[in-house]
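Given the structure of chain A, go ahead and fit chain V with the ligand onto it with the hints provided.
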Amino acid sequence: MKIRVDPDRCQGHARCYALAPELFSVDDYGQSSVVGDGTVPAELEEKAHLAIANCPESAIEALAG
Amino acid sequence: MARVTAPVGDWSQDFEVLDAGYIEDPYPIWDDLRQSCPVAHTERRGRAWMLTRYADVVEAAHDIERFSSLEIGVINSDVQPEGYDEADAQYGLPPISADPPLHTWTRRLILPWFSHTRVAGYEKLTRDLCRRHIDGFLEAGHADAATDYAQQIPVRVVAQILGVPETLSDTFTGWVRDMLEFADDPERNLRGQEGFGSYLMAELERRKNDPGDDLMSELLATSHDGEPLDDRLVLGMAALVMIAGIDTTWSSIGSSLWHLATHPDHAARLVAEPGLMSSAVEEFLRAYSPVTMARLVTTDTEFGGSPMREGDKLLMNFPAANRDPEVFERADEVVLDRAINRHVAFGTGIHRCAGSNLARMELTVALEEWLARIPTFRLAEGAEVTWAGGQVRGPRVLPVVFP
Ligand code: HEM
Numbered sequence: 022m023k024i025r026v027d028p029d030r031c032q033g034h035a036r037c038y039a040l041a042p043e044l045f046s047v048d049d050y051g052q053s054s055v056v057g058d059g060t061v062p063a064e065l066e067e068k069a070h071l072a073i074a075n076c077p078e079s080a081i082e083a084l085a086g
Numbered sequence: 551m552a553r554v555t556a557p558v559g560d561w562s563q564d565f566e567v568l569d570a571g572y573i574e575d576p577y578p579i580w581d582d583l584r585q586s587c588p589v590a591h592t593e594r595r596g597r598a599w600m601l602t603r604y605a606d607v608v609e610a611a612h613d614i615e616r617f618s619s620l621e622i623g624v625i626n627s628d629v630q631p632e633g634y635d636e637a638d639a640q641y642g643l644p645p646i647s648a649d650p651p652l653h654t655w656t657r658r659l660i661l662p663w664f665s666h667t668r669v670a671g672y673e674k675l676t677r678d679l680c681r682r683h684i685d686g687f688l689e690a691g692h693a694d695a696a697t698d699y700a701q702q703i704p705v706r707v708v709a710q711i712l713g714v715p716e717t718l719s720d721t722f723t724g725w726v727r728d729m730l731e732f733a734d735d736p737e738r739n740l741r742g743q744e745g746f747g748s749y750l751m752a753e754l755e756r757r758k759n760d761p762g763d764d765l766m767s768e769l770l771a772t773s774h775d776g777e778p779l780d781d782r783l784v785l786g787m788a789a790l791v792m793i794a795g796i797d798t799t800w801s802s803i804g805s806s807l808w809h810l811a812t813h814p815d816h817a818a819r820l821v822a823e824p825g826l827m828s829s830a831v832e833e834f835l836r837a838y839s840p841v842t843m844a845r846l847v848t849t850d851t852e853f854g855g856s857p858m859r860e861g862d863k864l865l866m867n868f869p870a871a872n873r874d875p876e877v878f879e880r881a882d883e884v885v886l887d888r889a890i891n892r893h894v895a896f897g898t899g900i901h902r903c904a905g906s907n908l909a910r911m912e913l914t915v916a917l918e919e920w921l922a923r924i925p926t927f928r929l930a931e932g933a934e935v936t937w938a939g940g941q942v943r944g945p946r947v948l949p950v951v952f953p
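Line by line, the protein sequences are chains A and V.
Under this note's numbering, the first residue of the first sequence is numbered 22, with each subsequent residue one higher.
Under this note's numbering, the first residue of the second sequence is numbered 551, with each subsequent residue one higher.
Careful, some of the hints might be misleading.
As the list claims (entries may be wrong) - Below are the DMTMM-like pairs computed for lysine to aspartate or glutamate, each with C-alpha atoms no more than 25 Å apart in a straight line:
1) 23/A - 64/A
2) 68/A - 29/A
3) 68/A - 43/A
4) 23/A - 82/A
5) 758/V - 780/V
6) 758/V - 781/V
7) 68/A - 879/V
8) 68/A - 621/V
9) 674/V - 768/V
10) 674/V - 609/V
11) 68/A - 823/V
12) 674/V - 823/V
13) 674/V - 29/A
14) 758/V - 716/V
15) 674/V - 49/A
Since the hints were made in silico from the structure, they are not lab data.
Just so it is clear, the structure is predicted and the values come from calculations on it, not from any experiment.
Here chain V stands alone, though its shape is the one from the complex:
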């Protein structure tokens, strides 16, 4: 443990994505790495490499032969829940943890749930949720924009899609944080995996007897190559939608609100010119991209002049790519009306975020509803904002006032 948390001297040879300073302010480190060592290295948790240039990240994401999705965790979690079975584990969380052909057909089963048309159907529910939560703290004149608001929205929208009762939302949020944010804390990680796993297992059995119109019920009724889907695939896919849709979207809503709290001129401009919301949302996604993904190197190879070995890990730092000055003018500035914005916050290539339509809708609605009721707000005096990082970066404590 000491080795892992030791301070970083040389980011190019010994990077550590859970370093407290990096989580708080990664931007200067990315700038240095892009210029001096765009393929950074570490041996802290096994051999791993990290890409920070846009062109490199895009190339790696498309090179599915050399870089497999069988290992996508930025941090290796070494703990295994009770009853863990290697054979079961191979089913993973498709499509995100799979390569073709498994990836291809499992992705097609999930995509229609997040099509434009379906997502439009979730908008009203999202808006109502946002309003209800704002009602809860508006009078008080202050709130934690992360825990009282951002964190509350995505989990409830996804719960609806999965047919999970809303009363379980906080429990779910806890499990997902245990798994993603605390991947290097064996106790919390295990608690999350076990809690979530046994819940989903029970739900699966329940739906076999009493199917509804939710995702799991539909997957249970689906066949592939003439065979019903294996239970383990259904569990993996349902778990993925839950995990992938919560921390990520919540982090994005939180970072955007952090930006507006610290840039009141931008909040005022969005209130005055609501037509800017769609480009502003893309810009928040670019400048505060939450998600970094990893790949497993499948063969001894070279990338960007660096010798990689089979079994190494490769981190595709989408957030750093999105601030690459080679691709984005004024890359470190938030430009609300940026006209050309080919950011890769949702990844690129065959694993492009299957929930991107939903995420965009949720982020847009959450910001619209907030600004409609709370057009001026700022960080609370002496506020201690805290950030989580690693796989998913975003604020976890964000005290704001709107007196």
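Same shape as in the complex, but just chain A:
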């Protein structure tokens, strides 16, 4: 599984970072981005889905692969 954050949608709620700090980082302006290239290790897939489902701006996408 691979994920990405749409920077135009992200408004800095930081829910993803709270739920899956291994997968996201947030800058001083609240802008979130994926750690590394967004590849999610199998053991973190559940957390990735939780982050996607909890984003109030629907800014996180799961990419195929």
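Using the frame of chain A, we list chain V with the ligand on its own:
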């Protein structure tokens, strides 16, 4: 005045957010409106509309072309402080009262003050504050959880960030309540605006000569497009942080404690399973969202089948959206371990609460510290809990006992 306070017969055509019954128990009214008239109307304080469905509130918050932030007050305040100047007033309280482009760059100046890293740095101070206040009433076996506790925390944290002496905290709380809670009481509203305004003005001058490491000093040292910031912008931004961070967070802490006082099983569960605190905090924010915001309709238009006119007001009822059964299962129940919770207590879109990291930290710490010292508590016998509402909803008197 009589017109405004007259009882509401038909909520869909004549809503009144300061109605006493609504403030006390808005939930059945929201349920009715969501089903029968999701774009409610009133003419009580000028023409206004109110959205109660999640999808509508989210759509409106993102539609910044049609719905401007130049008017965000749920209640129009008609009073103006002495020396009020139209030109000055246009600076408002950026970024909350601004549309892009002013919104964009003023927001960026404020955001880093409430980043994750900065907020982590305020945690210890918040914890110490909570402990100190609990020390003050623990022995007595009873307290007003609103005035003795919830109300005391956020103002002191924000004061620290703004470099305001703690001794002024109660005065500040008074001013902020005058401005937000008593927006329809001209005398109190004016008192709040004047007191707060002249205080900030004096502080601004003081910091020009003797800058510190506080927000106002830093803004004074900032430039935009090669020019130093206008004093009026600095004042507006500092005022906003003060106003936006006090009543809101305090209301949230108070509502959460009200919930725990009336649901002892939930208090017991949080004590037994502290790992639930983070989902519980989101759930309290959802179920007892304090803040409703308004927008100014910029053009004759239609929304949800309702004809809106330029100059109308549109209320985005975030608290009602957060109880929409279309989006939340068991919407009217507090589910401490709710796994999926896309609530919009902090708004949505470009005005997402700039202080949300700070608010979450304060709410978490205030509840943790309370439960660590006072794991079992309930409403006092015959307690008369009172709520404030309108722009910000939360308990104002909350007598609890922990014998
Ligand atoms: C539980 C506590 C809080 C709640 C529920 C809350 C709620 C909100 C909401 C709904 C908005 C969006 C306004 C809109 O769409 O027009 C907002 C904006 C804002 N809030 Fe909060 N807030 C809270 C605490 C705080 C704190 C602690 C601070 C800072 C000390 C703060 C600072 C701000 C600022 C600066 C904005 C304006 C952001 C912008 O317009 O870009 N808030 N808040």
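We went through each hint and held it up to the structure:
no.: 1; hint: 23/A - 64/A; in the structure: holds, 13 Å
no.: 2; hint: 68/A - 29/A; in the structure: holds, 23 Å
no.: 3; hint: 68/A - 43/A; in the structure: holds, 9 Å
no.: 4; hint: 23/A - 82/A; in the structure: holds, 9 Å
no.: 5; hint: 758/V - 780/V; in the structure: holds, 13 Å
no.: 6; hint: 758/V - 781/V; in the structure: holds, 10 Å
no.: 7; hint: 68/A - 879/V; in the structure: holds, 21 Å
no.: 8; hint: 68/A - 621/V; in the structure: violated, 39 Å
no.: 9; hint: 674/V - 768/V; in the structure: holds, 23 Å
no.: 10; hint: 674/V - 609/V; in the structure: violated, 38 Å
no.: 11; hint: 68/A - 823/V; in the structure: holds, 20 Å
no.: 12; hint: 674/V - 823/V; in the structure: holds, 22 Å
no.: 13; hint: 674/V - 29/A; in the structure: violated, 34 Å
no.: 14; hint: 758/V - 716/V; in the structure: holds, 21 Å
no.: 15; hint: 674/V - 49/A; in the structure: holds, 20 Å
Violated hints, listed in ascending order, are 8, 10, 13; each of the other numbered hints is respected by the structure.
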